[in-house]
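The listed protein sequences derive, respectively, from chains Y and E.
The working numbering applies: residue 1 is where the first sequence begins, and numbers increase by one.
The working numbering applies: residue 382 is where the second sequence begins, and numbers increase by one.
Please note: incorrect hints may appear among the correct ones.
Derived DEER-like restraints, expressed as beta-carbon distance ranges [as the list claims (entries may be wrong)]: (1) Y:373 <-> E:491: 31 to 39 Å; (2) Y:329 <-> E:492: 23 to 31 Å; (3) Y:55 <-> E:442: 31 to 39 Å; (4) E:592 <-> Y:280: 46 to 54 Å; (5) Y:222 <-> E:597: 48 to 56 Å; (6) E:507 <-> Y:326: 46 to 54 Å; (7) E:597 <-> Y:128: 34 to 42 Å.
Simulated coverage check for chain E against chain Y, where a stretch passes if three residues somewhere in it have a Cβ under 8 Å from a Cβ of chain Y [stated by the list, open to error]: (8) 484-492; (9) 596-610; (10) 622-631; (11) 660-671.
These are calculated hints, taken from the structure and not from any lab test.
A virtual CB, placed ideally from N, CA and C, is assigned to each residue, including glycine.
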Amino acid sequence: MSDDTIAPPRSTAAEAPPPSGAPATAPSSARSRRVLGAAAMVAALAVPLVLPFYVDAFWLRIGLFAMAAAVGALGLTILFGAAGQLSLGHAFFVAVGTYGYGFLAGDDHGQVKGLGLPPLLAAVLAILFAGLCGLLFSPVASRLRGIYLGIASLGLVFLGHHLLLNLPAVTGGYDGRSVEPFALGGFTFSDVSDRLVLGIPFGAVESLWYLFLAVTVVATLVARNVLRGRPGRAFRLMRDSEVGAAAMGVRVQRAKAGAFVLSSMYAGTAGVLTALAFQRAVPDYFDLQLSIDFLAMIILGGLGSTSGALVGATFVIALPIVLSRYADVLPLVVAPGQEGIQASFAATFVYGVLVVIVMLTQPGGLRAMVHSLRDRRSTAH
Amino acid sequence: MTRLLELLVNGVSLGLLYALITLGFVIVFKATRTVNFAHASFLLLGVYVVASTQPRIGFAAAALLGLAVAGALGLATERLLTSRIEMHNHHAMAIATIGLNVVLTAELTRRLEERVLPLGAPWDGHVVDIGPLTLPLTVVITVVAVPLLIGGLTALLTLTGWGLAMRASIADAEGAALVGIRLRRVSATAWVMAGLLATTAGIGLASFPSPGVSVSLEAVAITAFPAAIIGGFDSLGGAIAGGLIVGVVQVMVSGHQDSLDFLGLGVGDVVAYLVMIIVLLWRPSGLFGSKEFSRV
Chain Y
1 MSDDTIAPPR
11 STAAEAPPPS
21 GAPATAPSSA
31 RSRRVLGAAA
41 MVAALAVPLV
51 LPFYVDAFWL
61 RIGLFAMAAA
71 VGALGLTILF
81 GAAGQLSLGH
91 AFFVAVGTYG
101 YGFLAGDDHG
111 QVKGLGLPPL
121 LAAVLAILFA
131 GLCGLLFSPV
141 ASRLRGIYLG
151 IASLGLVFLG
161 HHLLLNLPAV
171 TGGYDGRSVE
181 PFALGGFTFS
191 DVSDRLVLGI
201 PFGAVESLWY
211 LFLAVTVVAT
221 LVARNVLRGR
231 PGRAFRLMRD
241 SEVGAAAMGV
251 RVQRAKAGAF
261 VLSSMYAGTA
271 GVLTALAFQR
281 AVPDYFDLQL
291 SIDFLAMIIL
301 GGLGSTSGAL
311 VGATFVIALP
321 IVLSRYADVL
331 PLVVAPGQEG
341 IQASFAATFV
351 YGVLVVIVML
361 TQPGGLRAMV
371 HSLRDRRSTA
381 H
Chain E
382 MTRLLELLVN
392 GVSLGLLYAL
402 ITLGFVIVFK
412 ATRTVNFAHA
422 SFLLLGVYVV
432 ASTQPRIGFA
442 AAALLGLAVA
452 GALGLATERL
462 LTSRIEMHNH
472 HAMAIATIGL
482 NVVLTAELTR
492 RLEERVLPLG
502 APWDGHVVDI
512 GPLTLPLTVV
522 ITVVAVPLLI
532 GGLTALLTLT
542 GWGLAMRASI
552 ADAEGAALVG
562 IRLRRVSATA
572 WVMAGLLATT
582 AGIGLASFPS
592 PGVSVSLEAV
602 AITAFPAAII
612 GGFDSLGGAI
622 AGGLIVGVVQ
632 VMVSGHQDSL
642 DFLGLGVGDV
652 VAYLVMIIVL
662 LWRPSGLFGS
672 KEFSRV
């Protein structure tokens, strides 16, 4: 069972130094590729910064949900992609983050209670609380391997949903609870009237965009450092061979628990962002489907890769919304209430089939596909 | 006392149905090392076919058709999906079944919507009195028929050449292949059996007193996962025990909901997962599972 994993994307030709006796064109094409890569990096960073001034709130809102999901997907890609521990309980920890923030930052509204803490403190505490929940589950999580953990963690989603319905003072029960908008040093991230920046109304969506962007960048950098550093190497070694990892001095149980707690905190962060994006928390959102969505994101993007998690999250989140927006012009897809395939189902079919195809053809996901295309192109030159 | 006994019989009946679902799941796992996350949608597809065709062709023919469709789906999954993934890459196989489950569930949800289709079984709506107990006929039939079915299955596995081949390849796939057992045939059979067992259980689960076939049946079928974990995942006896434990506990807890109010409404639906976590804390490889060991 030691080779019980999806093959990690192999290192590509692009990373290898060009052979010394290569023709004169090789270094220049390598340089031009590097320049292109740098330009792409700059664009990837600059475009999101100016986007709120050019696109309308519809697309920005998709972006908010995509970034919230991306942070959660980063956590899962550390846990499953690197450490090989499947979790279908991710939705539970997202819910902990969402309701944790809602409860800590909110005020009393009738039956629904709240502590009224400052939003930043509430957000941090909610994330830590999600990590604590992960730690509490780690006696189970650290003793199970791979797929078994996937099934055991299913239980968290069902138990969590049960708690959400039965703790109305904290969660608001079936109807959910409203969420306090984020605020930082007197600046509230909500629809304040007549706040204009460069002639653009700067409401909740625009201001949250920058907050989410900052969180996503930090989360990505942390994930990348974890994956490239000592812990990431320990996780991958453990995924490929537990015995090998133990022989190399990795404490397997502790590493598994660590990966689980870290991914829970990522999920908690995603939960806080989800709460802010929705401005409301309802229990039915946090079901098994959400966990499977997260899994699909990292599978489609490419396991164990941070960029893959970001791309996969954007794809899975945007697909149903975009399909339903353009239902009139797309073949087969119809708007809700009409005869035919509704956009949400169409999106589900597409990503379900894609998951299967990726598993059959390219277990490395989109990332590996891009890499192999690039390799083929560079060898063709 | 009568009520407790009634609950117990109902619980055993539900548990036997869970045991059938879990058995199919565990058989596939033992034969191919694939965790079949699409198992619950196999069940839903099977009973959906039964319920949607029975008004036209009658229950018996519809039941056979449902079994055939679910069996064919199992076979197709093995042939087109899991057997085409690199051997030993069990994660990829499991995830491919998750993708399959996403597609199947979406399609069935789209077709069923909020409707509840009646199953139209001849035993629907009948109640029998046995001594002081009043039981639905479904429960009585389940309690008699499922043990016979499990017994027959055991006999197949222990007495026939096919069963021997099956057990040999489960115990040691390479060794079995060396002595001429066709592994692909064994794994195909396992997948077909999973479809058949799931549909059989589904017919029981959708019969009276349950209102019929609806999307929520899939959530019921997912209970086979904790049952498999409780039983130990790679043990057929454990699958039966796990199913029974889950069924009895669920019915007992739901039956005493009013005195268990502090656990919240509807705790019966989630108690299986609670039991699973407790069992895992106590025995990480389940009640009857083989302990993991590594040879270096």
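- [ ] Go ahead and decide if the range 46 to 54 Å is satisfied by the Cβ distance of residue 507 of chain E to residue 326 of chain Y.
- [x] Hint holds: Cβ distance 52 Å, inside 46 to 54 Å.
TODO: Given the hint of 31 to 39 Å, check if residue 373 of chain Y and residue 491 of chain E actually sit that far apart at their C-beta atoms.
DONE: Holds, at about 34 Å.
Task: Pairwise beta carbon distance, residue 329 of chain Y to residue 492 of chain E, judged against the given window 23 to 31 Å - done: Between residue 329 of chain Y and residue 492 of chain E, where Cβ atoms are some 26 Å apart, the hint holds.
TODO: Kindly confirm whether 34 to 42 Å is satisfied by the beta carbon distance between residue 597 of chain E and residue 128 of chain Y.
DONE: Because 36 Å falls inside the window, the suggested range holds.
TODO: Go check the region 622-631 of chain E versus chain Y for me, would you? Three or more residues, Cβ under 8 Å, otherwise it fails.
DONE: violated (count 0)
Open item on the list: Three residues or more, CB to CB closer than 8 Å: is that satisfied between the region 660-671 of chain E and chain Y?
Closed with: Coverage by chain Y holds for the region 660-671 of chain E (3 residues, Cβ < 8 Å).
Open item on the list: Can you tell me if the region 596-610 of chain E counts as covered by chain Y, using C-beta to C-beta distances under 8 Å and a minimum of three residues?
Closed with: As far as the region 596-610 of chain E goes, the hint holds, because 5 residues have Cβ atoms under 8 Å from chain Y.
Task: Per-stretch coverage check for the region 484-492 of chain E, three Cβ contacts closer than 8 Å to chain Y - done: Since 5 is at least three, the answer is holds.
TODO: Take a look at whether the Cβ-Cβ distance between residue 55 of chain Y and residue 442 of chain E falls inside 31 to 39 Å.
DONE: 57 Å Cβ-Cβ, so the 31 to 39 Å window is violated.
Task: CB-CB spacing for residue 597 of chain E and residue 222 of chain Y relative to the 48 to 56 Å hint - done: Hint violated: Cβ distance 40 Å, outside 48 to 56 Å.
Open item on the list: I want to verify a distance hint. Is the separation of the beta carbons of residue 592 of chain E and residue 280 of chain Y within 46 to 54 Å?
Closed with: Given range 46 to 54 Å: violated, Cβ gap about 32 Å.
Of the numbered hints listed earlier, those contradicted by the structure are 3, 4, 5, 10.
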